[in-house]
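Each protein sequence line maps, in turn, to chains X and A. Taking my numbering, I'd label the letters of the first sequence as residues 1 to 116. Taking my numbering, I'd label the letters of the second sequence as residues 1 to 113.
Worth flagging that the hints you see were computed from the coordinates, not collected in a lab. These figures come from a predicted structure and were not determined experimentally. Be aware that a few hints might be false.
Claimed, not checked - SDA-like mimics (lysine to any residue), calculated; alpha carbons at most 20 Å apart, straight line:
id, chain 1, residue 1, chain 2, residue 2
1, A, K49, X, Y103
2, A, K78, A, P55
3, X, K57, A, I102
4, A, K108, X, S109
5, X, K57, A, A1
6, A, K108, X, Y103
7, A, K108, X, L88
8, A, K49, A, E64
9, A, K61, X, T106
10, A, K58, X, Y103
11, X, K71, A, Q100
12, A, K108, X, P39
13, X, K57, A, K112
14, A, K108, X, L11
15, X, K57, A, K108
16, A, K108, X, A2
17, A, K108, X, D38
18, A, K108, X, G42
19, X, K18, X, N73
20, X, K65, X, L11
21, X, K57, A, A17
22, A, K108, X, S87
23, A, K61, A, V11
24, X, K17, X, I96
25, A, K49, X, I96
26, A, K49, X, L95
27, A, K108, X, G40
28, X, K57, A, N94
29, X, K69, X, N26
30, A, K112, A, W83
31, X, K57, A, Q2
32, X, K71, A, K58
33, X, K69, X, M27
34, X, K18, X, K71
35, X, K17, X, E79
36, A, K58, A, K112
37, A, K49, X, A2
38, A, K49, X, K71
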Amino acid sequence: EAQVTQNPRYLITVTGKKLTVTCSQNMNHEYMSWYRQDPGLGLRQIYYSMNVEVTDKGDVPEGYKVSRKEKRNFPLILESPSPNQTSLYFCASSLIFGTGDNYGYTFGSGTRLTVV
Amino acid sequence: AQSVSQHNHHVILSEAASLELGCNYSYGGTVNLFWYVQYPGQHLQLLLKYFSGDPLVKGIKGFEAEFIKSKFSFNLRKPSVQWSDTAEYFCAVNANSNYQLIWGAGTKLIIKP
Chain X
1 EAQVTQNPRY
11 LITVTGKKLT
21 VTCSQNMNHE
31 YMSWYRQDPG
41 LGLRQIYYSM
51 NVEVTDKGDV
61 PEGYKVSRKE
71 KRNFPLILES
81 PSPNQTSLYF
91 CASSLIFGTG
101 DNYGYTFGSG
111 TRLTVV
Chain A
1 AQSVSQHNHH
11 VILSEAASLE
21 LGCNYSYGGT
31 VNLFWYVQYP
41 GQHLQLLLKY
51 FSGDPLVKGI
61 KGFEAEFIKS
71 KFSFNLRKPS
81 VQWSDTAEYF
91 CAVNANSNYQ
101 LIWGAGTKLI
111 IKP
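Whole structure, please, built from the sequences with the hints as guidance.
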């Protein structure tokens, strides 16, 4: 089944303790992206990647890192989490040059992160 | 810069009422348009999309959207909503040459049984 897999689904951590949220897709998509979703603010893009070893900042990259060593994986790293990073995080992937039926973002199930 | 505007942040309707959620974008060139739905506690799922051709697009679960180029709009409609349509709805746009989606802020739809 074509899917984007995120882990963990729920995470509670303490301020300053490094954590990684994993994201993996099995559709051979070039493009992957991380979003955070906060009430009243919609989806805000954190980082995205066009392909292996190619990453770029989105709208709210501060406090986050990403890597794209393999096409299928795009982990989100919080080196020193703070309470303002408490949010719902989504990973998404898509083809870059798809058209019509084969184009669109596929989202992971989300990771609800609480930093205390 | 491109932007997407969803007119209503919250909409409350009774079952069987008709629905129209507004979406306007700011980009003068060719665009691809999407509506995504997020049911409570779930991830975003594609509801429908427009790439070209018939501006009236039909999606899943009885939803449809009409692309009106002159109005830069892509409004989502459903003739008769059900309680199970309670969700948050997001409009998104990308220009043909750009794989990035620009997202609206979302509209929370609550259907009263």
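Could you check the structure against the hints above and give me the numbers of any it violates, in ascending order? Failing hints, ascending: 6, 13, 14, 15, 16, 21, 24, 32, 34, 36 and 38.
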